[in-house]
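Chains as they are written, first to last, in the working numbering: chain Z, -14 to 304; chain D, 308 to 680.
Hints in this document: simulated from the structure, not taken from any laboratory.
In this text, all values refer to a predicted model and were calculated from it rather than measured experimentally.
Positions of the beta carbon are idealized from the N, C-alpha and C atoms, including for glycine.
Misleading hints may appear alongside valid ones.
[Said to hold, decoys possible] Output of the computed footprint for chain D on chain Z, the stretches with three or more beta carbons under 8 Å from beta carbons of chain D:
| # | stretch |
| --- | --- |
| 1 | 161 to 173 |
| 2 | 178 to 188 |
| 3 | 218 to 232 |
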Amino acid sequence: MTSILSVRGLTKHFRGRAGLFREPPPPVRAVDGIDLDVPEGGTLGLVGESGCGKSTTGRLVLRLIEADHGSILFAGEDVRAADAARLRALRRRMQIVFQDPFGSLDPRMTVREILEEPFLIHRIGDAAERGRRVRRLLDAVGLAAHHAARHPHQFSGGQRQRIGLARALALDPALIVADEPVSALDVSVQAQVLNLMKDLQRERRLSMLFISHNLAVVRHMADEVAVMYLGVVVEQAPRETLFAAPLHPYTRALLSAVPDPGGEKRARVVLRGEIPSPSAPPSGCRFRTRCPLAEPRCAETVPALRAVAPGHRVACHLA
Amino acid sequence: MLRYTIGRLVSAIPVLLVVSLVAFAIIALVPGDMASEMAGPSATAEELQRLRVQLGLDVRGLTVRFGPWAVVEDVSFAVAPGEVLAIVGESGCGKSMTALALTRLVPEPGRISGAVLFEGRDLLTLGEREMRQVRGDRIAMIFQEPMTSLNPVFTVGHQIAEALTWHAAMSAAAARAEAARLLSLVEIPNAAERLSAYPHEFSGGMRQRVMIAMALACRPALLIADEPTTALDATVQAQIIDLLRRLRAELGMAVILITHDLGVVSDFADRVAVMYAARVVETAPAEALFAAPRHPYTEGLLASLPRLDTTAERLASIPGQVPPPFALPPGCRFAPRCAHAKAPCEAGLPPLLPAGDARAAACIRLTDYAVAS
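Make a model of the complete structure from these sequences and hints.
What follows is the structure, given as structure tokens:
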């Protein structure tokens, strides 16, 4: 499968400011040299716990924040090299959906104004044409035409996420970066939104970078899955492989930590401690401080992300 | 003048003692105290206390109203000593308000009715002072975001010790030693040193451990945990649930777990009460509930969860959303979203009826289920 988005060596360190009498704090190594490929028409799931850098990765890809190093190729075009005009054109084709649709929708605007805005910014159609497009968008995400006159606060969480999706779809993008799109929703509504996202993806041949901390949701949505820990990708594999035969001890622990209601009881790997600070990651393998299998060499050399089977890569000395 | 005042006070002591003894006797003999009734007049204080503990928690017809709207309606359940009951439901179903009502912490202008029989007494009839003794002493609570329950300007050791000096009347030194013991009980490394740390110096998981340590300070018989792991990462959540499971076994306390996460429920709970639109719609032993839900809402909730062990092209979703308390549909509140709804469903609220082994469900199709199983 060809990839629509290829990321190589992507790095972002957030630097704190030095005070008058204070040295600058060590940089937060949010994303530290990661490679990712989003398959065309498919979904790459990016999974990890808080602070692992998955959301930063999503924003770097769209250049909502600027990367320090690395390359981002979208449909063959270098995103990092694009000037302002080129970037605007690129952003028509790459859109983002956030976790909290209320925080990303202007409370003073009606749904019609929210959905019309992308067309106005990109000077598409006259008023009548824009009206038609807004109605089509509402229809596509399962909202009624009369919803256009309402404000965001008049909608439930699930409906607001539908509005967020409609806005992302307005300019007919090729890639959607979905950052925890259903994490704020109740399960019955979450299922509605996930089904809608899958339908839209099929109808519009959308590619998706699906970022979530929820393994079950990622399993449902993604074709390929990358697991992040402290700014690096520790394992990447096709969905079935990753969930059936995870190789990295962190992936295994993460999978075993999620209770599966009604499913088989699995042997639990309970990790020691919590995620270390990304401004002072452990030497060698970053997971070693919590790894049940850690050996002395894990503290010395950084394990490379190497292929162990076609499409299955893992960064562990012991895998 | 001062001597005179002291003298008057001292001479008043015997009178005060007699008055308080009489008051105590009256309180102990009010008909609301089931334990003393059951134990009879010859029971010793110890026997009485043991009997009280055995009674556990029995909630009957609990209702919380804000003006004309009930956010908790006719909720009944029982929790035996050492049992873990999970109250599950989606946001707005009334599960957190139920937890607050148990300890009478419902915000104004909420009104609580029904009965909360705890260790033989109806908590809803207790005076504010007695209630304060029950809270913290016999019933402790932990919440989703520990940072909002911890005071940022006091050290963690100070805050745990405060609970001990208040409720257990310990000396400052003894309270500090006990606080250190509690912190190591909840597996906080270097507990004695961490006593002098402030809440912001702890990570989210460690703060939740501190909250649990504070909750355990007075050895409560019942711990109410409202979404205790919702703000935590999966690997840390697993640690906290393991900790709660261990403490429950070691200390024998009952737990009411309020959560929307069915995974956590299946991992930890003995019994489950499923709430929908302010009412309990199903209650069952946890394993039985997950194996064969009897209420269509429970069934829908379980089916709408993405699974880790199988891949489905589409998720079964429940159409629509939870109705707010001011716009409830007539009859069964789940009927507008229910795939099985028929005309009779709108006729009236279905009562919670027995549905097999130690379980009950509020659905008029219950007879069909009974036939099917």
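**OP:** Tell me if chain D covers the stretch 218 to 232 of chain Z under the three-residue, 8 Å CB rule, please?
**Re:** That given contact holds, which follows from 3 residues of the stretch 218 to 232 of chain Z lying within Cβ reach (below 8 Å) of chain D.
Can you tell me if the stretch 161 to 173 of chain Z counts as covered by chain D, using C-beta to C-beta distances under 8 Å and a minimum of three residues?
holds (count 3)
Cβ contact check, 8 Å cutoff: the stretch 178 to 188 of chain Z against chain D, three residues minimum: That given contact holds, which follows from 3 residues of the stretch 178 to 188 of chain Z lying within Cβ reach (below 8 Å) of chain D.
Violated hints are absent here; each numbered hint is respected by the structure.
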